[in-house]
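Protein chains: 2
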Amino acid sequence: MAPTVEGGDAALLPEFPRGPLDAYRARASFSWKELALFTEGEDMLRFKKTIFSALENDPLFARSPGADLSLDKYRELNFLRCKRIFEYDFLSVEDMFKSPLKVPALIQCLGMYDSSLAAKYLLHTLVFGSAVYSSGSERHLTYIQKIFSMEIFGCFALTELSHGSNTKAIRTTAHYDPATKEFIIHSPDFEAAKFWVGNMGKTATHAVVFAKLHVPGDQCHGLHPFIVQIRDPKTLLPMPGVMVGDMGKKLGQNGLDNGFAMFHKVRVPRQSLLNRMGDVTPEGTYVSPFKDVRQRFGVSLGGLSSGRVSILSLAVVNLKLAIAIALRFSATRRQFGPTQEEEIAVLEYPMQQCRLLPYLAAAYALDHFSKSLFLDLVELQRGHASGDRSARQAELGREIHALASAGKPLASWTAQQGIQECREACGGHGYLAMNRLGVLRDDNDPNCTYEGDNNVLLQQTSNYLLGLLAHRVQDGACFRSPLKSVDFLDAYPSILDQKFEVSSVADCLDSAVALAAYKWLVCYLLQETYQKLNQEKRSGSSDFEARNNCQVSHGRPLALAFLELTVVQRFHEHVHQPCVPPSLRAVLGRLSALYALWSLSRHAALLYRAERRRGCPGRRDRSS
Amino acid sequence: MAPTVEGGDAALLPEFPRGPLDAYRARASFSWKELALFTEGEDMLRFKKTIFSALENDPLFARSPGADLSLDKYRELNFLRCKRIFEYDFLSVEDMFKSPLKVPALIQCLGMYDSSLAAKYLLHTLVFGSAVYSSGSERHLTYIQKIFSMEIFGCFALTELSHGSNTKAIRTTAHYDPATKEFIIHSPDFEAAKFWVGNMGKTATHAVVFAKLHVPGDQCHGLHPFIVQIRDPKTLLPMPGVMVGDMGKKLGQNGLDNGFAMFHKVRVPRQSLLNRMGDVTPEGTYVSPFKDVRQRFGVSLGGLSSGRVSILSLAVVNLKLAIAIALRFSATRRQFGPTQEEEIAVLEYPMQQCRLLPYLAAAYALDHFSKSLFLDLVELQRGHASGDRSARQAELGREIHALASAGKPLASWTAQQGIQECREACGGHGYLAMNRLGVLRDDNDPNCTYEGDNNVLLQQTSNYLLGLLAHRVQDGACFRSPLKSVDFLDAYPSILDQKFEVSSVADCLDSAVALAAYKWLVCYLLQETYQKLNQEKRSGSSDFEARNNCQVSHGRPLALAFLELTVVQRFHEHVHQPCVPPSLRAVLGRLSALYALWSLSRHAALLYRAERRRGCPGRRDRSS
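If you read the protein sequences in the order shown, they are chains A and B. Okay, so the first sequence: first residue is 1 according to this note's numbering, each after it adds one. Okay, so the second sequence: first residue is 1 according to this note's numbering, each after it adds one.
Hints in this document: simulated from the structure, not taken from any laboratory. Computed from a predicted structure; not experimentally measured. You may find that some hints are simply not true.
Pairs count within a copy or across copies, as identical chains cannot be separated in the list.
What the hints assert, rightly or not - Below, in silico cross-link-like pairs of lysine to aspartate or glutamate (EDC-like), each with a Cα-Cα straight-line distance of 20 Å or less:
(1) Lys249 x Asp68
(2) Lys234 x Asp218
(3) Lys168 x Glu343
(4) Lys249 x Asp72
(5) Lys212 x Asp279
(6) Lys49 x Glu87
(7) Lys212 x Glu342
(8) Lys212 x Glu343
(9) Lys168 x Glu342
(10) Lys537 x Glu348
(11) Lys212 x Glu341
(12) Lys168 x Glu341
Take these sequences, add in the hints, and give me the full structure.
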């Protein structure tokens, strides 16, 4: 039984102020307070309220919506706000371990206030800080304390001007000089300048710089992370040999100072190497617990999953905000009506409902997915921290990598399209800056690009699935993964034989129906992609060509459908738990079915085509 | 035979500067100069070159891409630039009549430089000026000269805070006072404030204000346009009784000052009524050449088609700019490759091609459509000016209204989606303000909303088609329209019996194949929509409900498919003219086929479903 908020807890979830939305709110078939409690839990609601109350009461966080803030002023304000967030110390390390979901919740609250603030905080702590913590060793612990006191301010410098997606082509070098026991960090030319680095533009004092490690008389050992001081913390002037600057105005997130840096033979102590994956002895010998360069590289970039999961949750925040704005507007804006005298709320139009309500359902489904994936990630990181080198731990890493690599694209695109739809659905009012939809869209946009371009990332997920099928076909292995997201594929031959015999619209309102269709679709796409890939290879294409030729028509829809299925599955299970309050079951079930059917409907052409090709005639037409 | 530009005309189309695009340019299968000449014609190329050269050489038009300009500074600059455009006097009235396409060409050139400038110029001349010219009479000619000398600066005030789409619900009043021979313009409350009016925020001295006309002891005669002075031209201070202001920051087009105004019993002379549709005698009697209020209202808003056609052409400009930026980037950006040593241009990836090339084709097809529709509009306006009240003229007005009402949505959405795809396809670099994709997206965005929300407008087109079918079913009338865009529907029963027997991908590379499929699709959708509408009505829905219940699933796809068909048809005919230079036929044919197939493919689910429902089994599967 969920706790209630009646009586003493009114302060936690106070009534909304009276206004034009009252009429709609009175018509709700459920208690919004009960839903909030079920979705968040009381402890989390309190945590969020603490954060929002602090921001509401602090003049540093006051702002005028749609204000015309200069770039410099905005960046300065955002830095001061970021610093203040540390001072508030909303989340202790103990709390973080006890309630790990409070980490994304804090980031989401900051994102609700301003994406630039969330990004600045996240980049310093969870990206820079985590990189130092997870790639470094005991000798780097001194940095951690300075990070949390903001004595130093950090950034994560991987991408270069000419290389982002293809990290293996990154060209910054780190040569070890045994004479002085230093590394020499160097950018060979401007195309190898570090680029797009968040926090680097104006404020970072330190950077985790990825560079190719060379020791004397030896081959290159590949990319390694180094902690490099780039500015004097007192004056913010660049350190000798470092050319660092701000990249200027962006489409959004202008509170965040993205920067570039070139290193001209910058000498850093040997201890600057974050040495968990590999180290250099004072004499200049390279040593590593990992034998294989590829494996080392994989582990050193493993932290990217955590970035993608954070982005996923920030995309969900943007979608939530936009859909709330658009639905509230639609419930109060009246235009046309059955007679000239009587106008109706635009929310009453089927067109407006079709445009907006699926995104409301998507916000719920993706929000749940983002939380559950974060908890999976925590499990992975705990295993990592405790030195777990089991096969399961490795499998878990691969599975989470596959889920995050398609989850970030799905969430960021859904948010991008949803915000655009909300903007248009609010007509001219949606185009006014003070109504925030533009900022949400612009701030969400880079979610489609950073930590891996969406289209490029999807290939990681389709490759994961194709690898499992190859393993099954060639070695008779089972489809099994620690989180069980691929287990259903084990039955793919029988799933592909299934027919759908749904005869009424009412039956489709159970998300189990869409789930079954999704399973069929993913099995079908996986098999087709596998066959197409092999056919490409047989006809003489290299692996590289074959993959490229399959991605548009096969790999991409496979990865997206698989992830949608996973989101639908997890949300379906969530809303059908026995602990769901009876009064919420109907509305949650409808949200689940709506998201599932809406997502599935975008594959309708594929379903029809598959039916023709494979002679699967049982699927009845469900549309109107 | 098209003229050539070799030799003496090198100055008109000079070679591109040498650079990283040379390799791709050298591989072209056609001469870009020949294509430019065929697409534009030599006279137009010269005209555009004159404009661009003037802007390039005038320091007032110098700018830093991605600069952080304050709102006030940007609005001031944009006003000064607009004034300078008048001083350049690029287009004389004689030229305008001789080569009407130079009007949209001028607007497009300004739009290529900056959407805010194009909008500001367009609103003053073609919207405010045209309204005065076409709704006024001889007594208003004095304004026209002042418009072109910028002695006065104008805006068009129709929309109110609470009503945009539903113009009939507009509530500003104009009561005639025979004692002083004045109209009293009045805003009853803030919800009736004029809102979103471009140029009104800071700079307009005069407004065409739409208000409900009342004469003493008589009923309301509906909306009429009045020319009202809102500011002193010397000081720009508001006139007595006028509360006018700027709406603040928008998502884009921030060089344009959108404003609001409330009128507190503002008295204007009787002659301020733009009296072509109706007039008031000095004594206060209402007189009109139109008997019917609806007809009068229709004619007085007829000018909206011209606004929509202008928006269509500006959306095409945005798409052209974005696709050029993204394709050039993709041809020079290298990432990954068949080996670690060799990276290939991202344009070589099938994924990048599938993302971008359809938008290149769309830019060509829609550009042609926008020009041809503009010429149709010129024909309509000439008939209007010469007092043509024939049935053909009325039919032409309705047909152009239907084409513009779906053409604006199609073009603005294609541009919106295309620019977003270009932004993402350029990765992080696409997110940098100086690379302009953000500005293009933000400036294009209102094209989806103003002069009619896209989704609302599409209903105009579907209603037009449904009305023709009803006329055919009920009265046995033929499908015939002056521009012949609906004539094919006359054969709808036999078209619906047709089967598609295309057996190879190669066959589909002729846009005639997609055209035939489109004709079938439009006939199918029209019939289904008609049946669904009648079924709704038979089951007791009011007209209002029935239309709303049909729009999402039927009316909307019907309107879009009809317009896509028209665009494909016109471009198909254009590129298959005998005058097309032989060396361009292949590339133009491919562009035509690509746009047609890509557009059609978005209706694939509908085609499959229709096939199942109607037993039209001949359509073979064309996708790989």
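Against the structure, the hints come out as follows:
Taking the closest pair of Cα atoms, Lys249 and Asp68 come within 20 Å of each other both inside a single copy (14 Å) and across two copies (7 Å). Taking the shortest Cα distances, Lys234 and Asp218 never come within 20 Å of each other, neither inside one copy (39 Å) nor across copies (78 Å). Within a single copy, Lys168 and Glu343 get their C-alpha atoms only as close as 61 Å, which misses the 20 Å cut-off; across copies the closest is 11 Å, which meets it. In this homomeric assembly, Lys249 and Asp72 come within 20 Å of each other (Cα to Cα) both inside a single copy, at 10 Å, and across copies, at 18 Å.
In this assembly of identical chains, Lys212 and Asp279 lie within 20 Å of each other by CA distance solely inside one copy; the values are 13 Å within and 81 Å between copies. Taking identical chains as interchangeable, the C-alpha atoms of Lys49 and Glu87 lie at most 20 Å apart only when both belong to the same chain, with a minimum of 17 Å there against 59 Å between chains. For the homomeric pair Lys212 and Glu342, the shortest alpha-carbon distance between copies (18 Å) is at most 20 Å, but the shortest distance inside one copy (70 Å) is not. When the C-alpha separation of Lys212 and Glu343 is checked against a cutoff of 20 Å, the pair qualifies only between copies, where the shortest distance is 19 Å, while the shortest distance within a copy is 67 Å.
Only between protomers do Lys168 and Glu342 lie at most 20 Å apart by alpha-carbon distance; the minimum there is 12 Å, versus 64 Å within a single protomer. Proximity of Lys537 and Glu348 under a CA criterion of 20 Å is satisfied inter-copy only: 19 Å between copies versus 54 Å inside one chain copy. For a Cα distance limit of 20 Å, the shortest separation of Lys212 from Glu341 across copies, 15 Å, qualifies, whereas the shortest one inside one copy, 73 Å, does not. For the identical chains of this complex, Lys168 and Glu341 are inter-copy neighbours only, at 10 Å across copies versus 67 Å inside a copy, given an alpha-carbon limit of 20 Å.
Consistency note: the structure conflicts with earlier hint 2 alone.
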